[in-house]
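Colleague: When you get a sec, could you build the whole thing from the sequences and use the hints?
The sequence shown finishes on residue 389 if you use the numbering used here, and the numbering steps up by one all the way, no holes.
In case anyone wonders, no lab produced these hints; they're calculated from the structure. A portion of the hints provided could be inaccurate.
Computed cross-link-like contacts, EDC-like style, restricted to lysine to aspartate or glutamate with a CA-CA straight-line distance of at most 20 Å [unchecked claim]:
hint, residue 1, residue 2
1, K71, D42
2, K335, D360
3, K341, E310
4, K97, D68
5, K317, D293
6, K70, D93
7, K104, D170
8, K335, E374
9, K104, D68
10, K104, E82
11, K378, D205
12, K71, E100
Derived CB-CB ranges, DEER-like [to be verified]:
hint, residue 1, residue 2, range
13, N302, E31, 25 to 35 Å
14, T28, N302, 39 to 49 Å
15, K377, G63, 26 to 36 Å
16, E39, L334, 24 to 34 Å
17, G63, S234, 33 to 43 Å
18, S387, F136, 16 to 26 Å
19, R169, D24, 51 to 61 Å
20, R277, R169, 24 to 34 Å
21, L386, N90, 14 to 24 Å
22, E374, S282, 41 to 51 Å
23, M128, N366, 42 to 52 Å
24, Y228, S282, 25 to 35 Å
25, E31, S387, 44 to 54 Å
26, E251, C134, 22 to 32 Å
We treat Cβ as the ideally placed atom computed from N, Cα and C, and that holds for glycine.
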Amino acid sequence: MKLRIISLITIALAAASAVSAKDDARYTRAELEKKTKTEFIDGLLSRMTIEEKIGQFNLPSYGNVKPDPKKSPLADRIRRGEVGGIFNINGVDDVIKLQEVAVKESRIGIPIIIGADVCSGYETRFTMPLAMACSFKPANLEAAARISAEEASTGGICWTYSPMVDVSRDARWGRSREGAGEDPLLGADMARAWVRGYQGDNLADPTTIMACVKHYALYGAAESGRDYNPVDMSRQAAMNGFMEPYRAAVEAGVGSVMTSFNEFEGIPATGHSWLLRDVLRSRWGFDGFVVSDYTAIQEMVNHGVGNADEVALQAFKCGVDMDMIADYYHDSLLKLYNANKITFEEIDSACRRMLSAKYDLGLFHNPYQYCDAERGKKENRTAEKLSVA
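Modeller: Written out as structure tokens, the structure reads:
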């Protein structure tokens, strides 16, 4: 009887969510002003279809959609509510055009999040993170991240795939330059500084951007220093020697986490429940969203985990909220939901995390607040900022 009641509740919730795609359910300014964050997001979730919720989990690349972004296939996907964010886009004008599609032409009007790699500066360029870490002064990295955020936030960007905090002890690993080296305590200090610099005290401030700590986890410990190679160590060795910088970033309030390509214990990190659920969520209390690295969900097929539906299921069940570029969530999650392999509540929880990030960034209040070319002309690459660099 208890299972029957739960089943009926789930069906009722799904029915309430399955509103007609023809209805205009855009949020209003009054909703933002009168409701708390939780109430506002609850209201959006109650009006979204399952398809629109799954749409928030997809992160395609901008690609070549010129000369008119609004007439591109990507814009069509945004209109249908199939896109939660995009990356690899340069230029305020194109960001504005695609954001207009999202907020004016999609049924719900949810803005998209714009991501980019801002790892060594935006217009003001800094030396590589490994060299900055050699100063042993976290304030240096914090200043670099602060300037990077101030500049990138003029170009439409509100989310950066940085800091990279992987502990690396093999100089043959080609990405060592992006981290803080071999020491987990120094790496933790630098991770906190990066996050503070990017995010400041208020993510809704249009001069701050959301950080994304990467690559979770143990990416810098690949065998023989060969990128993508497996990582072979005990959990005790991992926690004592490699995991502290990730934990420090979470402690500092990082808004998002990116998974890594490597295997750990013979399981791809993007589908590793101990890493993503037990440690990141349960032990450390991370409540932001998790994004895969570039096609990392798709590459789980090459690791022998299963077919497209099976790897999408494993990644989603482990807590990966957003699929970068692969479109496996777009192709598989609705089928998995209809087959009762993922639940309404699981989809709602992941969608809530995506909407919460956009709310915290102020995108619902002003979808264009990071598109400030005039501020960029005045404040980017100034003599003062160059002197810091």
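Colleague: Evaluate each hint against the coordinates.
Modeller: For each hint, the structure was consulted:
1. K71 <-> D42: Judged against 20 Å, a Cα distance of about 32 Å means the pair is violated.
2. K335 <-> D360: Given pair K335, D360 is violated - Cα atoms ~31 Å apart, limit 20 Å.
3. K341 <-> E310: Answer holds: K341 to E310 is near 10 Å, not above 20 Å.
4. K97 <-> D68: holds, 9 Å
5. K317 <-> D293: holds, 17 Å
6. K70 <-> D93: The hint holds at about 11 Å.
7. K104 <-> D170: Roughly 50 Å between the alpha carbons, so the hint for K104 and D170 is violated.
8. K335 <-> E374: With Cα atoms ~46 Å apart, K335 and E374 exceed 20 Å; violated.
9. K104 <-> D68: Since the Cα atoms of K104 and D68 sit roughly 17 Å apart, the hinted pair holds (cutoff 20 Å).
10. K104 <-> E82: holds, 15 Å
11. K378 <-> D205: holds, 18 Å
12. K71 <-> E100: OK: K71 and E100 at ~12 Å, within 20 Å.
13. N302 <-> E31: 25 to 35 Å: violated, 45 Å
14. T28 <-> N302: 39 to 49 Å: holds, 46 Å
15. K377 <-> G63: 26 to 36 Å: Taking Cβ atoms as reference, K377 and G63 lie about 27 Å apart, which means the hint holds.
16. E39 <-> L334: 24 to 34 Å: holds, 28 Å
17. G63 <-> S234: 33 to 43 Å: With Cβ atoms ~42 Å apart, the hint holds.
18. S387 <-> F136: 16 to 26 Å: holds, 21 Å
19. R169 <-> D24: 51 to 61 Å: Holds: the Cβ-Cβ distance is about 56 Å, inside 51 to 61 Å.
20. R277 <-> R169: 24 to 34 Å: Because 27 Å falls inside the window, the suggested range holds.
21. L386 <-> N90: 14 to 24 Å: holds, 21 Å
22. E374 <-> S282: 41 to 51 Å: Because 46 Å falls inside the window, the suggested range holds.
23. M128 <-> N366: 42 to 52 Å: With Cβ atoms ~34 Å apart, the hint is violated.
24. Y228 <-> S282: 25 to 35 Å: holds, 28 Å
25. E31 <-> S387: 44 to 54 Å: holds, 45 Å
26. E251 <-> C134: 22 to 32 Å: holds, 23 Å
Checked against the numbered hints above, the structure breaks hints 1, 2, 7, 8, 13, 23 and satisfies the rest.
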